[in-house]
Amino acid sequence: MQLLAWATLLPLALAAAPVIQPRGLELIPDSYIIKLKDDASEDMLQSVIKQLLTPAKHVYRIGKFKGFAAKLSPLVLEIVRKLPDVEYIEQDAAVTASAYTTQTSPPWGLARIAHRDPTANTYVYDESAGEGTCSYVLDTGIYVEHNEFGGRASFAANFADLINTDQNGHGTHVAGTLGGQTYGVAKKTKLLAVKIFDGQARGTIATLLAGIDFIAADALIRKLAGQCPKGVVANASLEIVNLFLTNLAVAAAVATGVFFAVSAGNNNADVQGYSPASEPTACTVGAIDWNDAKASFSNFGAGVDVFAPGVDVLSSWIGGVGATKYESGTSQACPHVAGLGAYLLALLGPKTPAQLCQYIRDTATLGDITGLPSGTFNGIAFNGNPNP
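Numbering (mature numbering (1 follows the signal peptide of the UniProt record, and there is no 0)), first residue to last: -15 to -1, 1 to 373.
Treat the hints with care, since some could be wrong.
The following label-pair restraints were derived from C-beta to C-beta distances [claimed, not checked]: (1) ASP146 - GLY305: 39 to 49 angstroms; (2) GLY360 - ALA308: 33 to 43 angstroms; (3) ILE206 - ASP28: 18 to 28 angstroms; (4) GLU27 - THR104: 24 to 34 angstroms; (5) ARG46 - ALA339: 18 to 28 angstroms.
To be clear, the hints were calculated from the coordinates, so they are not data collected in a lab.
For each residue, glycine too, the CB sits at the ideal point set by N, CA and C.
Let's have the full structure, built from the sequences with the hints guiding it.
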């Protein structure tokens, strides 16, 4: 009877939707993400989901990006491929937070983005400091009790497990650089944890998309409720091989008005091979070291929008309310720009994500980065300090 129900939805001759298998990732057997065509209705989305033999794990409504994640047998997969409103299918796979290495050295990143002079050692910023903005941290969670956050951090969603804290440290470090009161760029922004990785910094494409979907929907609700009157930003310090649906999901979220800062990745390779770094509508961030050289690990290429400090960055950590740690990676560079996005929204007023990323590029400190391959933008994020 189930097959007959499916069959009634199929035209006699229809090209099947492609099934994309991510390369270089650990594939999850019989788990898929199904994207419907942009013009598919909510009724069609619900109709397709109701036909499944098992419930959908996640349902996505990210602007025009409609779809779901589910376990499908080979037989049901072939039937789903032939549904007229299905555009793409991607097999789910394990993903991790962007890798990093531990190093030791004095903190310097905030001073660098507040000055044209690389030897300056103060962080000069407007007292608005991101007040009135909301900053989503798509990561391993946030240790919200940390003193750095002063009660401004909270859990917004958890798609990784049932533990509403950060058991890894990656997300807490990122949040501290974005909005910590000592180590953060936007010291008054509201920090919202969207947990998609567990304590081992592992997740799946399906949970990543669920996090993006949540951010787009939740940002709209919070803005309408007056909780984020100055705007919203999101930080995605993660890297995976180039995944078509991940880029589409980020683009759909950006189209709803969320500024996405994404890490370029730590493979010393062109960003075109990685997601979401290769998504043009995201603001992609590479890393520099304290000598203004491209960090040895940082990805590069025409897809990198701007660079920020990413070596020996001191920030908050797990294990105690005052814990700190030095970390290196484009994961550390990215929240400098996410925080700068929140800072500028509070300072300058409304800007679309495209306008905000372009402003960051237009005001960047130009020409100081050494070791960049040709075709890569040579600009370091700058906060507009009038006495640089």
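Outcome of range test on Cβ distance (ARG46, ALA339; 18 to 28 angstroms): holds (22 angstroms)
Outcome of range test on Cβ distance (GLY360, ALA308; 33 to 43 angstroms): holds (40 angstroms)
GLY305 and ASP146 - C-beta distance against the hinted 39 to 49 angstroms: violated (22 angstroms)
Status of the given 18 to 28 angstroms range, CB of ASP28 versus CB of ILE206: holds (23 angstroms)
Beta-carbon spacing of GLU27 to THR104 - inside the hinted bounds 24 to 34 angstroms or not: violated (57 angstroms)
Against the hints set out earlier in the document, violations occur for numbers 1, 4.
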